[in-house]
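Student: Sequential numbering of the sequence shown, starting at 3, is according to the numbering used here.
Simulated from the structure, these hints should not be mistaken for lab results.
No residue lacks a Cβ here, since even glycine has one placed at the ideal position from N, Cα and C.
Just to be clear, a hint being listed does not mean it is correct.
Claimed, not checked - With beta-carbon atoms standing in for the labels, derived distance ranges: (1) Ala132 x Asp330: 20 to 28 Å; (2) Pro238 x Arg340: 32 to 40 Å; (3) Pro238 x Leu72: 43 to 51 Å; (4) Leu331 x Pro58: 46 to 54 Å.
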Amino acid sequence: MHLVDLTMFYPAVTGGVGTYLAAKARWLDRHSPLRHTIVAPVARGVAGEPHVVPIPGMPLPGSHGYRLPLSMRQAARTVERLRPDLIECSDPYQCAWSVLDAGRRLGVPAIAFYHSDLPTLVGQRFGQAARRSAMRYVAGLYRQFDMVLTPSMIMVERLRMLGIERVVRQPLGVDTGIYSPHRAVPALRARLGLPPQVRLLVYAGRFTREKRLPLLLEAVRRLGEPYHLLVIGSGPELPAAERVHRLPFQRDPASLASLVGACDLLVHPGDRETFGMVVLEAMACGIPVLGTAAGGVAELVDDEVGMLVAANDAGALADGIAAIYRRDLRALGMRARRRMVAQYDWNVVMPQVLRHYAALTGSAQLASAVEEPRYATD
3 MHLVDLTMFY PAVTGGVGTY LAAKARWLDR HSPLRHTIVA PVARGVAGEP
53 HVVPIPGMPL PGSHGYRLPL SMRQAARTVE RLRPDLIECS DPYQCAWSVL
103 DAGRRLGVPA IAFYHSDLPT LVGQRFGQAA RRSAMRYVAG LYRQFDMVLT
153 PSMIMVERLR MLGIERVVRQ PLGVDTGIYS PHRAVPALRA RLGLPPQVRL
203 LVYAGRFTRE KRLPLLLEAV RRLGEPYHLL VIGSGPELPA AERVHRLPFQ
253 RDPASLASLV GACDLLVHPG DRETFGMVVL EAMACGIPVL GTAAGGVAEL
303 VDDEVGMLVA ANDAGALADG IAAIYRRDLR ALGMRARRRM VAQYDWNVVM
353 PQVLRHYAAL TGSAQLASAV EEPRYATD
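Given the sequences, and given the hints that come with them, work out the whole structure.
Tutor: Written out as structure tokens, the structure is:
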């Protein structure tokens with residue numbers, strides 16, 4: 003059986019789509035007899051990967067390496083020549099329409115994985131009229147798919163409000179072998195020039211408006227000593243701030259894991275996440291998370307593994323950080339790690355994805371591929 007993914011978001015130096023597709027490719031190669039191909043407008047060099055079929059594309063400036071397909075028709079025809087039994091798309095742009103076209107011509111199921119809240123993103127940049135147009139676009143597009151997967155219940159509800167009925171929640175996963183407490187950098191505080199008693203917070207991700215980093219910087223300012231913040235990622239230059247260290251985006255996941263795991267607490271001030279991959283990664287590294295009670299992060303964090311505070315409130319962030327330090331951070335982190343291994347390891351998540359595929363296709367081969375899933379061990 004042949005599964006094909008078509009997307010413009012592969013590969014990428016950051017983002018959940020690239021992480022999901024790369025994890026799927028590895029898992030299927032190791033654990034199933036299924037064929038898997040990723041069709042994408044990749045740059046020269048990536049096309050050498052055996053599971054990747056390139057299509058022509060042009061670079062999008064400032065997009066972290068994404069490329070725009072030059073021809074929707076050519077993308078669809080490339081997929082058709084591969085003769086897939088099921089096609090999936092992970093972006094809402096040209097590739098989505100190409101997947102629908104190829105699926106109709108071949109008579110095979112077309113699945114969409116809705117990773118980002120397009121109307122909200124459009125509304126942030128262009129206003130409410132543009133947001134309403136984006137809602138109509140999303141409704142018209144995704145109603146045509148045989149199934150829509152999305153990683154959080156908040157996104158399930160938003161899609162159903164648009165009249166998209168064939169939508170189900172499918173969380174993403176984390177590689178708990180890479181993101182592990184064992185990778186923590188010894189003496190990270192000393193490497194940063196900080197005293198050992200510092201309470202070290204960490205933020206990892208893009209420095210974009212929806213991440214609400216100014217709120218976190220203000221919270222750290224209010225807290226004062228002994229709190230320090232390590233910011234890891236890429237984006238616009240951050241305002242100068244005391245007790246804040248900045249490190250560049252870590253292309254190697256193991257490097258990111260080694261830094262995050264050596265901190266006390268991940269703080270995620272954003273309120274518009276559709277899921278929150280970095281939250282999974284931090285918890286898999288054995289540290290608790292403080293997030294806001296909004297968006298997809300609120301579905302991942304509770305009092306067993308961290309804390310949620312009111313959104314868009316620097317005072318609430320500061321109070322929450324101080325409060326969580328009065329708890330047993332080590333115990334919180336250990337419970338977070340156990341939850342990731344049991345519920346969010348890719349060895350747990352990928353069989354769930356295949357069950358969705360099997361339900362659509364009625365394939366005995368797909369069903370057998372998930373009869374005895376291999377679960378992660380700690």
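Student: Would you mind marking each hint as holding or not holding in the structure?
Tutor: Quick rundown of the hints versus the structure:
{"no.": "1", "hint": "Ala132 x Asp330: 20 to 28 Å", "verdict": "violated (47 Å)"}
{"no.": "2", "hint": "Pro238 x Arg340: 32 to 40 Å", "verdict": "holds (37 Å)"}
{"no.": "3", "hint": "Pro238 x Leu72: 43 to 51 Å", "verdict": "violated (30 Å)"}
{"no.": "4", "hint": "Leu331 x Pro58: 46 to 54 Å", "verdict": "holds (50 Å)"}
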